[in-house]
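J.: Chains as they are written, first to last, in the numbering used here: chain A, 1 to 380; chain B, 381 to 956; chain C, 957 to 1330.
Treat the hints as calculated values from the structure; they're not laboratory data. Computed from a prediction, not measured in an experiment: that's the story for all the values here. Be careful, since some hints might not be right.
Calculated pairs, DSS-like style, for lysine-lysine (alpha carbon to alpha carbon, straight line, at most 30 Å) [said to hold, decoys possible]: (1) B:Lys-494 <-> B:Lys-504; (2) C:Lys-1300 <-> B:Lys-494; (3) A:Lys-376 <-> B:Lys-498; (4) C:Lys-1324 <-> B:Lys-497; (5) C:Lys-1327 <-> B:Lys-785; (6) C:Lys-974 <-> B:Lys-498; (7) C:Lys-1300 <-> A:Lys-94; (8) A:Lys-30 <-> B:Lys-795; (9) B:Lys-504 <-> A:Lys-31; (10) C:Lys-974 <-> B:Lys-497; (11) B:Lys-728 <-> B:Lys-697; (12) B:Lys-403 <-> A:Lys-376; (13) A:Lys-31 <-> B:Lys-785; (14) A:Lys-31 <-> B:Lys-661; (15) C:Lys-974 <-> B:Lys-512; (16) B:Lys-403 <-> C:Lys-1324; (17) B:Lys-494 <-> A:Lys-30; (18) C:Lys-1324 <-> B:Lys-498; (19) B:Lys-512 <-> A:Lys-376; (20) C:Lys-1300 <-> B:Lys-499; (21) C:Lys-1327 <-> B:Lys-494; (22) C:Lys-1300 <-> B:Lys-471; (23) A:Lys-30 <-> B:Lys-669; (24) B:Lys-795 <-> A:Lys-31.
Here are some of the chain C residues that sit facing chain A, going by a computed Cβ distance under 8 Å [to be verified]: (25) Ala-986; (26) Val-988; (27) Leu-991; (28) Ser-1002; (29) Leu-1076; (30) Ile-1118; (31) Pro-1120; (32) Trp-1125; (33) Leu-1181; (34) Ala-1182; (35) Leu-1185; (36) Thr-1252; (37) Leu-1295.
Some chain C residues close to chain B (C-beta under 7 Å, calculated; not the full set) [to be verified]: (38) Pro-1122; (39) Arg-1123; (40) Val-1124.
Virtual Cβ for every residue (Gly too), placed ideally from N, Cα, C.
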Amino acid sequence: MIAFFQPYSLIWTRINALIIKEILAVWRDKKSRLMLIAPPLIQLIILSHAATLDVYNISLGIYNEDQGWYSHEMIQRIKGSPYFKNVYEFRNPKDVVRAINTQQVIVSLQFQSNFSRLIAAGETAQLQMTLDGRKSNASQIVTGYLNTIIQDFNRDILTYQGVRLPEPLDIEYRSFFNPNIEYILFTVPSLVAILSMMLAQMVTALSVSRERENGTFDQLLVSPLQPWQILIGKMIPAMIISIGESTLLMVVGLFLFEIPFEGSLLLLYSSMIVFLLAMVGVGLFISAISHTQQQSILGSFVFMTPTMLLSGYATPIENMPHWLQPFTNLLPIKHFFIIIKGIFLKNIPAYEVWVHTWPMALIAIFTLSLAGWMFKRRLE
Amino acid sequence: MVGHPQTAIQVKNLTKTFPGMEKPALEDINATLRPGIITGLVGPDAAGKTTLIRLMAGLLLPTTGHIKMLGFDTHMDASSIHDITGYMPQKFGLYEDLTVFENLELYAKLHGIKGDKKKDVFEKMFHFTSLKPFVDRLAGNLSGGMKQKLGLACALLSEPKVLLLDEPSVGVDPLSRRELWQMVQDLIHQGITVVWSTSYLDEADQCEEVLLLNEGKLLFYGPPQELTRRVQHHVFQMDVPPEKRRLVLSHLLSRPGIIDGVIQGNKIRLVCSPTFPQSSKDPAWHSIKPRFEDAFVDILGGGPGGTSVLADHIPHKKTSGMSSIQANHLTKKFGDFTAADNISFSIKRGEIFGLLGPNGAGKSTIFKMLCGLLQPTHGKALVSGLDLKTATSEARSHIGYMAQKFSLYGDLSVKENLNFFSGVYGLFGQSRQEKINQMISIFDLNPYLNSNAGLLPLGFKQRLALACAVMHEPDVLFLDEPTSGVDPITRREFWNHINGMVEKGITIMVTTHFMEEAEYCDRIALIYGGKNIATGTPDELKESVRSKTTPNPTLEDAFIKLIEHSDVYKKERGGE
Amino acid sequence: MIQFSWERFWAYFQKETKQIVRDPSTFLIAFVLPLLMIFIFGYGVSLDAKEVPLGILLEDTAPTSRSLINAFLGTPYFETRTGYDRTALLEDLTAGRLRGIITIPLDFSKNILRGTPAPLQILLDGSEPNTARFVLNYATGVVSNWNVQQILERTSSYIMPISPEPRVWFNPDLNSREVLLPGSIATIMSLIGTLLTALVVAREWERGTMEAMMSTPIRIQEMFLAKLLPYFLLGLGSMTLCVSLSIFLFGVPFRGSFFVLLFATSLFLLGSLGLGLLISSATRNQFVASQISIMTGFLPSFILSGFLFEITSMPWPIQALTYIFPPRYFVTLIQSSFLSETPKELLLPNLGALAIIAAVFLIFAAMKTVKRLD
């Protein structure tokens, strides 16, 4: 009985020793412990608030040649809108040009001198809007806000003028999962995924190249540890550290930012393990091909930056061209974004989690085998 | 202000304390170094040698006191000092991604050497270093000895008035070491002042004056002969039967009054205290001329004794006749280059086998193939009958390995390192804990248990590295330049353990550049140009080069002569 | 005053340049990553939504409702799918296969025809706020327009009092690529300026070459400048690559002055280099240097620069933070340089801010670079 079990416990003792060592290597030193905790927390706090494509606090310029009531009322309505913060009134068309050129305002409205007269006469008055195309996203959104204000005003004017209008369409909206469409509900779960991904990858990418630079790698290779055992011994600590990291970030998200959590923790953690395994595989691969720590760091960067851009975090994947969209399926984080947001906000069913987990599992198998193969190759 | 012509470097009331350290790294040092000579800087590990050299180079500021280099104060005139000194740091900063020529040129330009003068100086340096054939090679691809020479050449280019060398000969083979020494000797004739820090005491012996530091204090300053005189008439040598030499040494060292003892081939060298009773001296002992190392060990309070607690705890291994390590026609090719060419030998159980050779001759390649870190292109390396490259972890758990540089986990504590290595070698439960505790008590690691291994004094690093390598009681121990840069006392302690273990039937495979260390070997293979050019006991090798001009060759003489005899010498002298 | 020697400077400069040319990872970060990013921004990532999957839950099948659906089908912004089963559509919304559902209730057409309020519900997936906002705004717009059309068809008795006439300057199609491509240059410059320099200098410390250099007669100013210049030129080279690709491959117009672009890039690079040198001499360790470079160089250029995310929409403490980091000023300048002629009022304050920040970083870095080990 004992003889039967001994080989297994022996392997376990060996791998276990390696795991403890790896964790201590990052956790024991005060500086690197700080690097593990402080930057992700700061990033979570800043990024969760900064990364919004929404547009608020808009500055708007007005050049009004019209003395009448209609332009005055229009301006009041704009000032009353929650989106517009600064409304500058200019006396000179040159000032308008300058204000846009210098980005003092993003949009300016020009009321011509006959604006009120035309409206009062029941004719159409043109309202010129000049937008700063250098801020393409903001301009688009601002146009939307202004159009809504104008249409409401139009309807009211017509009513004043005694036109009997059919009742307006009563459009109401309901936003599921995020009633007030708050960005932070989106950014926090996304950042949990991004930051733990970066950590998992960095820790593994550096772990082998650091041992190479310090000369301790030979020491591991002459020990009874088999290459696959070394790989496992490098994987598990990175998994533990990055799962710990994401737990910390989630706790901050849930309690400090009060992000709702609707779904199942079990589903979240099991899919997270698959996701992080895939990233650890990438990290190990980078580690296997790098000679120095500098190469590991820069290599991770060259992988991470495009990943972030194509992940759907910064800009929606639907906006990408059709031919590119299938390629984003190769990025584990794309799938995990769907899962983590789904579980946090939507309580998506296990089946949906599975739909996005198996591609990650395939990627994990691929990256880990690639890393293992590269690793073995470099040992020869 | 110009200093007195008889003073090159003046160190006055110098104390240097680093923040966070209890004891000063250097305390109240006073010395007046003469121009035009080599002053040796010696002392055990952590004595403050590097700190003193850095202070002289103006890279550190004294806490109190001052240093004047040719009249320039290191604090006030650091830039003038940089104009007149050449400095070679221990970890020499060659740009490994620049070629030999580019490195030299960088230093030449930084020192404002140009035109015809540059040509002359370069010619001289190439001649000096015999680096001419390698000018276009990347510095990173040079062998250790060549790197060291290039480093020295870079420091010498500017024809400095003062040359500061911090352990320039660590890791350099005896041949290159001799050439290096010759280069510096030539400079002395041009009136340059040299400060040479070293842990090779045969070098100190040849210095005109020596500064001996211990724990930040100046123990001795003067000509080395003056220090050596204190052990005059107390140094002896005796012949011993080769198979008993380790036991005899161990026995002798445990006798009171014996200060120091080392193995020199089939002889034992002893230093006795002046109070050692005349009557207990063996008639077979004949008095010999003392050397600096004898006095050094004496002034530092003697060697570490002769017994190894470690070996006492190791059970006897079976010493069957079967060979323990076997190299069968080992060949390794890197592209067109043959690093190891058809190497064969076999090592018996309980034997110390040394692998010697110049830098880049291929001995690391052979060593790595034997312990399974490299795959041979042809041939086979067997350890206890098993090929390590393909063998199971079971087979690998029978070997121990101690790398060239300190390669434990520097950012883990002593305890954590012990835990790690015991675990990796499959110890667990009660026996694991017992083994760890045993190692702690044998190597006296208790005071450092929770310190980072990387911050230990070198001697303790050495102990820890050995502890980690032998914890699982291996049958075969691989040592790659185990005591390079280590002071003589720590080296003796180390070899005590090795000797003790060999007596228990453990096989040792060692590479070294250090002839003192090679003397401990039972047999030596001399590797050169990827080939095994001589195998034999240390005395056999010495004997093979005995001639009229060298009636009493040392092992170093043998090393150099045998290489000179080798016909490949002229063609292939070079690195990997 | 210590004599500055151009020869020593030149020697160190040459050494640094050779190292840059020989290290594959330098090449990777200075040319491969920029190429990747330019292609991603040029071909891939876009802020302009189109063909967002939208579901229409049709409970009312009268012609009026049909005409509303046609209005949705006619816009390029949505890819509309009509359904009759509420549960199925909601499932798709939850799974992210639909980003919004327009519910047309049973008595919709009846109400319209009768002139009584006709409720219309838009259901959104709030887990994607960007898309949710977009769907809300555009769907509302489509419905309003449709409603106006309906009114005009039935009663052509009146006209709209105010008709908005939007004119977009600099970028009439509001194509986000023309904004993102120039903006991404800031990120690339800060990677070269800060991350690469920090790593390279930290490596000199780790390998001990710094100690050897310090004991030579090279003056600190010479070393400092000779270290800066090669990375500065590398940055300009990488910038030229990015700008040429943006203009010639992706057709982003360049209306400003190349001189301004060059000047702004130079100031920005100097600031980034100063930061990189400061980080590396403060940490002397590659891992820590890389982490701090990411925090202070890369992320601000990405997040706090206004190139992707509108700075005015951020909470005030974060807005305040953007003023400390140079990318904000640089992105403004570079985006203007591409799309417009940059007016003096925009030019001077931003250039001034860049110059001041660069000076501060460089002075601190120079102070921190001492020819001593302790």
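J.: For each hint, tell me whether it holds in the structure or not.
T.: Right, here's what the structure says about each hint:
no.	hint	result
1	B:Lys-494 <-> B:Lys-504	holds (14 Å)
2	C:Lys-1300 <-> B:Lys-494	violated (49 Å)
3	A:Lys-376 <-> B:Lys-498	violated (49 Å)
4	C:Lys-1324 <-> B:Lys-497	violated (36 Å)
5	C:Lys-1327 <-> B:Lys-785	holds (29 Å)
6	C:Lys-974 <-> B:Lys-498	holds (21 Å)
7	C:Lys-1300 <-> A:Lys-94	holds (14 Å)
8	A:Lys-30 <-> B:Lys-795	holds (18 Å)
9	B:Lys-504 <-> A:Lys-31	violated (48 Å)
10	C:Lys-974 <-> B:Lys-497	holds (25 Å)
11	B:Lys-728 <-> B:Lys-697	holds (13 Å)
12	B:Lys-403 <-> A:Lys-376	violated (48 Å)
13	A:Lys-31 <-> B:Lys-785	holds (25 Å)
14	A:Lys-31 <-> B:Lys-661	violated (59 Å)
15	C:Lys-974 <-> B:Lys-512	holds (21 Å)
16	B:Lys-403 <-> C:Lys-1324	holds (28 Å)
17	B:Lys-494 <-> A:Lys-30	violated (49 Å)
18	C:Lys-1324 <-> B:Lys-498	violated (34 Å)
19	B:Lys-512 <-> A:Lys-376	violated (39 Å)
20	C:Lys-1300 <-> B:Lys-499	violated (55 Å)
21	C:Lys-1327 <-> B:Lys-494	holds (25 Å)
22	C:Lys-1300 <-> B:Lys-471	violated (54 Å)
23	A:Lys-30 <-> B:Lys-669	violated (54 Å)
24	B:Lys-795 <-> A:Lys-31	holds (21 Å)
25	Ala-986	violated (10 Å)
26	Val-988	holds (6 Å)
27	Leu-991	violated (11 Å)
28	Ser-1002	holds (4 Å)
29	Leu-1076	holds (5 Å)
30	Ile-1118	holds (5 Å)
31	Pro-1120	holds (5 Å)
32	Trp-1125	holds (5 Å)
33	Leu-1181	violated (23 Å)
34	Ala-1182	violated (20 Å)
35	Leu-1185	violated (21 Å)
36	Thr-1252	violated (10 Å)
37	Leu-1295	holds (5 Å)
38	Pro-1122	violated (57 Å)
39	Arg-1123	violated (56 Å)
40	Val-1124	violated (51 Å)
Hint compliance for this structure: hints 2, 3, 4, 9, 12, 14, 17, 18, 19, 20, 22, 23, 25, 27, 33, 34, 35, 36, 38, 39 and 40 are not met, and every other hint is.
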